[in-house]
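Enquirer: Protein chains in written order, with the working numbering: chain G, 5 to 637; chain P, 60 to 173; chain Z, 11 to 351; chain D, 14 to 366.
No wet-lab data here; the hints were simulated from the structure.
Wrong hints could be hidden among the right ones.
[As the list claims (entries may be wrong)] Okay, derived cross-link-like pairs now, DSSO-like style, lysine-lysine, Cα gap no bigger than 30 Å in a straight line: (1) G:266 x G:310; (2) D:257 x P:130; (3) P:89 x G:594.
[As the list claims (entries may be wrong)] The following residues of chain P were derived to be distant from chain D, with all beta-carbon distances above 12 Å: (4) 78; (5) 79; (6) 80; (7) 85; (8) 92; (9) 98; (10) 100; (11) 104; (12) 111; (13) 113; (14) 114; (15) 115; (16) 130; (17) 163.
The structure presented is a predicted model; accordingly, all values stated were derived computationally and were not measured.
Just so it is clear, CB atoms sit at the ideal spot from N, CA and C, and this is done for glycine as well.
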Amino acid sequence: MHFDPFIIPFNIGLYFILIYVVGRSIIWFRNLSRPDKLRLQRGFFGMAFGQSLKEIFLESLIHRKILKTNLRLGYMHMSLAFGWFLLILFGTIEADIFGSHHLNPPHMAIFFRFFNPDHGKTAFENGYAFLMDLVLAFILSGLILAIIKRFSSKSVGMKKTTRLKHLDKIALASLWLIFPSRLLAESLTSGAYGTGSFLTGTLGAWFNSFLPAKQAAYPFWWLYSLSLGTFFVLLPLTRYMHIPTELFLIFMRNSGIRTGDKAGTYSEVEVHSCSSCGICIDACQMSFSAGINNIQSAYLLKAIRKDEDTSGIVFNCLMCGRCDVKCPVGIELTSIRMIQRRAAGAGNGIHNIWHGYLRTNPVPVTAKQPASKPSYDFLPARKPEKADILYFAGCMTHLTPSIKNSMVKILDASGMKWSFMDEDGGVCCGRPLMLAGNDREARELINFNSRLIWKSGAHTLVTSCPICYKVFRESYYLDVEVLHHTQFIKQLIEDETVKMNYLNKRVTYHSPCELGRNSGVYDEPKEVLRHVADLEKTGYDDGNSLCCGGSLANLRLQSPDKHKIASFAAAALSAPAPDYIATACPLCKKTISAETKIRVADIAEIVAESIVKPVANGMKKQRIPNPIETSKV
Amino acid sequence: MNRFGYSLSKARVIDYDANNHAVAEYIAEKEPSFRLCIACGGCAATCTTGNFTEFSLREINILIHRGENRKPGSDIRKCMLCGKCILVCPRGVNTRNVVITAREAFKKFGINAL
Amino acid sequence: MTGNVIVIGGGTAGVEAAGQLARSGIGVTVIEKESTIGGHVRNWHHLFPDRRSSSEVIDYLRKQLKHDNITLVTGELISGFDKKGGSFRLKSSSGKEFHGDAVLIASGFDLFRSERKEEYGYGIYDNVITSADLESMFRDKSILLRNGREPEKIGFVHCVGSRDEKSGNLYCSKLCCITAVKQAIGLKELIPGSKVFCFYMDMRMGGALYEEMYREAQEKYGISFIRGKVSEVSENIEGKLVTKVEDTLAGRPLRIEMDLLVLMAGMEMSKDGEAIDISGKLNRGVNRFFAPADYHFGSNISNIKGVFYAGACTAPMNITETISHARGAVSDVLNYLTNKH
Amino acid sequence: MENEGKKRVWSEYQKEIADDHFFYVRSCIRQSFFPGSEQFFLDFMRNGLGKDVFENPSHTTCTGIGYHGDIVPIETIMTVVARHFALMKESGYKNIAISCVTSFGIYTEILETWKHFPEQLERTREFLFKATGREFDVPENMAHTSDIIYKFRDEIASRAKYRLINHQTGEPLKVVEHIGCHYSKMFPKHGVGGAEFPRVLSGMAEAWGGEIIDYPERRHCCGFGFRQYLVQANRGYSVSNTAKKFASMEPYKPDFILTNCPGCNMFMDKWQYTIREMEGVTFGPSGDSIPVLTYEELAGLVLGYNPWNLGLQYHMVQSEPLLRKMGVEFDPEDKYKTKDGVQMPIPRNLINC
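Input sequences plus hints: build the corresponding full structure.
Expert: Below you can see the structure in the form of structure tokens.
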């Protein structure tokens, strides 16, 4: 007897979801751009395949990244995913070894105990049953954690948990029912036949002592099959779709496909790969410092999936990148947000093309027509002076003259031929416009500045502002080396162009988001600091560093909330009681110094104060006094 | 019509009641800190754009509040969103979002720039 | 300590000083022109910046007055005094005489008569009222226009009779700005759908928590502040008040129609205060208020030994300052009596 | 609106107006454009009330238009005015009656100046004496002729043949008064009722049965503005000003405008024509324009003078609709006849006809 009506729901669900996922993958594949298709094909049949399998094992089953961030939450995810995987794997092997046939249909593995109720009498069989019980116990322990998390998220070490919609609740209920119903079904069957191991056997024997176990088992097998079937059928309608989608995402990523600047299949797959685990919420300073809990990446992706207006969410973000670094699925959250910012009001953002089970045509993209389109035709033609090094202070640095003056001192000390590009006030670098989604308009400013830069003949562009640094490096097409001043200073130290006194001060370092996480410059500033002072750790270093809250990326954050974020960051930086808090960004300096009594200084200031004298002695100072001449068009 | 060599000139007076306040209301709703401006002019003094051309966020703010939308509708395009004004504002006005929301509003209400 | 002090005026300053003096063992006669104590506070509904009910101040004053050493004389207006040796003789308009060892003048202020700013049409246009009228509307909890409707657009005209050479008052009355902000908030709370405007020359938010209240008025209540002195008001055919003002921040004249216009009347030297010194023996400042002997160290002391000042008879003051000033006066009076005996 | 409030204001601005023996000085504009008005004043004062009003044929313009047009210096205009005072002294009069509001403003300004700067008075005596050999006294009483008509308004009412009442409906006529800026805005105490709520014209209109309209731009200037009008490039400001007043009074449907300043009368009359020609806009009911009357013309109509003898046909805006409302009997045939009955040419494009 290899059939019983109760297996029908399970089989319907299983074959439905298998076919559905394959179908969806085909559609996704077809929607890929041509280069991405080639990448994926090459990746699927190359080295990347092994890489993907490894990643699937480590991340989708073991949940390594979550484990690293949060042990309890990781265990919960691992026990459910990896445990279930083991249950299926061992079940299939069990059916294969102990069943009447080899290569059984899946239900034989899932409902093995029902079809082989007296299995487990021999020692070997008993040992295998013990293994199966162990895996089931492993899953159930995770399930208990999940249930507790739903009602009290703090128990798994989470501060916040995502909110659910209706279908998600039904799917969740069916998911929760799967393993308890299996436990009860197997226990009752085992009880009736005197089989089973420490879990099912013991529980079954106890049930059998007061229940007609054999009769009682049958409804639970039905329940087990029904919950599985329901879960599979509902899966595409719920957030649990992230499970199969993530597999696809991993293959794509390992094939070298990236989010890019525009909405596409990859970003759409990313949106569906989010499990709403909530790690991004916990990482978000707007959540833990300012108590704003509706704008985090998980909510953004959910809103995109639900085709809601995301404009309220996308612009209310510091773009500090903390969630990006921590996302266990590796979704490029900041890039997705940037796509939505560029698309705000124009409709060419990421859309959910899946409605119900079916694919719908994406909303036709209307050409973006910005309101009162920005226009910078008033910018005067400028003629730069020739120089080897061009220094661009940036708008914000003009509000922190001590940084500017320090850089002038350092550049003078370097003995190099340098020119101050924006001494009398320059044109904005364009990044703030880009952060507001106005890339095309930013291009006008970029072109203006680019012209000044290449006309100067400089081989190096040094800037004091990480915001400028990022845009100079990524969005300008410059034939010059772009350096943040901390990098430049580090070079000066290495070349022994300048020498510095050791200051005998303890400092903590605030890594600016735009310089650290968003541009990958972590080490140079710290090395410069170590050269002149004692650098203390804060517990928020490198990738985990905090945002000061002053970020220009957030267009919506109100001043009181900004202060809350800044004050948290300032407190963390002040905790080791340093002599100075060092930073490398004028905006961070201004924001943090408002919240602490400890002196906040830019690295340039600290260096300028400790400079001994220029090594290139006798060299004539070559600073050009009036570097930029203004001539009206 | 007779030509007299002169004609009726448009009144310079701000006719508050006849003006369109939809833009001001839209901005105030989306960015409430817009209301906090006391026209100190700090923003205009530090302005990157104002260094190159006639552009004053203080003036724009006042004129939008009065429903005088034409000049702001044109001027608002000049802002580079660099954000210096945010650091200067004594009242904590979220100036950049005021500019962005104003641009939205001008589009929404079809107010043509000069 | 012994002695008898005559306090002229039963407002905040007079009663506070009387209470403190009485508790130091001094006999006090408080002479109040009205039938009851409290002065201007009686006409107010609530006070800035904490929006305390003014009746609480009246209750406090009543308690201060409850002392065996205090005699309260009401309905008497002092019209002249003279000093013989160390004692004072005061005459009232009804012919009564009062004698004391020292005199404390706490005659307070008069509200500027807004009719004098003819261009605002107070007393002529139906819906031009003063800040004092509005307080009584607050007490009735009903803000209605003459035609019985609720106003939708309300304007506050600052500096009516203050900082105005044309009114002969060069000084700032100091409290009208914050009063306008307080009243504007009060109005918005009673009529949430209304639009409220303040027309000001400068916002003088010098007191504790004033600026915060101003900010709240802008942010929470959406009250509009337009910088400029209202130049003229007229009534149009619909009975709306056409208000003309130069929007000095826009650099252009502005015209706006109002349903209700509230004139923020300033403070002036009180007429009855002037009557006390009928022969002009006491020094007066350019602002016509009584001039203290020294604006730093002797703000309670007059140019006549034994005559002291408390409260707004020397300059515009709010309740807090008035009470402090009255307590300062008590200290000076006690010193004087001690040295005299 | 509270009339009690206005009465309180009026009571604060009472001026003393002489009863008899006036030295009369004419207005350049009034005698040129509305000659019937001055004619009426002299006739009514002398023959109607039996008062002594003296005119010295040697008197000249006060040069006020030149003064406000920045071409006559203040020393000059003071001397010209002093000459008038000298003529008055020579004729034995102490009360001056001034027909023009610009002149009235000049006279009050000069008298106030002399009061505050007595050395100016002495210099003027010197100038006048050196130039003409004349000497003068400051007048004892100075009144604008509208003040005098205001003083005798009840007398006129008692002799009225017509009242300011629409004889078809019985409703009072709606009167817009316009007071010349220089009448009381500079020195409120010299005007009846002060500057904000002047009484001089509203007192007449109400005494004769009319209803005064208080409209938002009541205080606004007529637009003359001297330099604004005199320079053609600026004339747009002048006409815009007047247009603003008309637009503001239009909803009240006024039956006529009453003025005490000859300049205002001329501009409010002629600019209605100009605006109609420029913009095709009129401000009276059903495409009509609003008649603009001097207080003398109005008093004359009330007393039953022949409108054509009062010179109403000299206005740009014709007053027939008003005459019909008042029930004034008139002969249209006589409108453009000389007093000897000779027909004159009839102007084309008359407004309100």
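Enquirer: If a hint holds in the structure, say so; if it does not, say that too.
Expert: Comparing the hints with the structure gives:
1. G:266 x G:310: Given pair residue 266 of chain G, residue 310 of chain G holds - Cα atoms ~19 Å apart, limit 30 Å.
2. D:257 x P:130: 24 Å, holds
3. P:89 x G:594: Holds, at roughly 27 Å.
4. 78: 17 Å, holds
5. 79: 21 Å, holds
6. 80: With a cut-off of 12 Å, residue 80 of chain P remains clear of chain D, as the shortest Cβ separation is near 21 Å.
7. 85: At about 31 Å from chain D, residue 85 of chain P clears the 12 Å cut-off, so the statement holds.
8. 92: Non-interface label stands for residue 92 of chain P: nearest chain D Cβ at 36 Å, farther than 12 Å.
9. 98: For residue 98 of chain P, whose nearest Cβ neighbour in chain D is about 28 Å away, the distance exceeds 12 Å, so it holds.
10. 100: 31 Å, holds
11. 104: 34 Å, holds
12. 111: 34 Å, holds
13. 113: 26 Å, holds
14. 114: 30 Å, holds
15. 115: At about 28 Å from chain D, residue 115 of chain P clears the 12 Å cut-off, so the statement holds.
16. 130: 21 Å, holds
17. 163: Correct as stated: the minimum Cβ-Cβ distance to chain D is 36 Å, above 12 Å.
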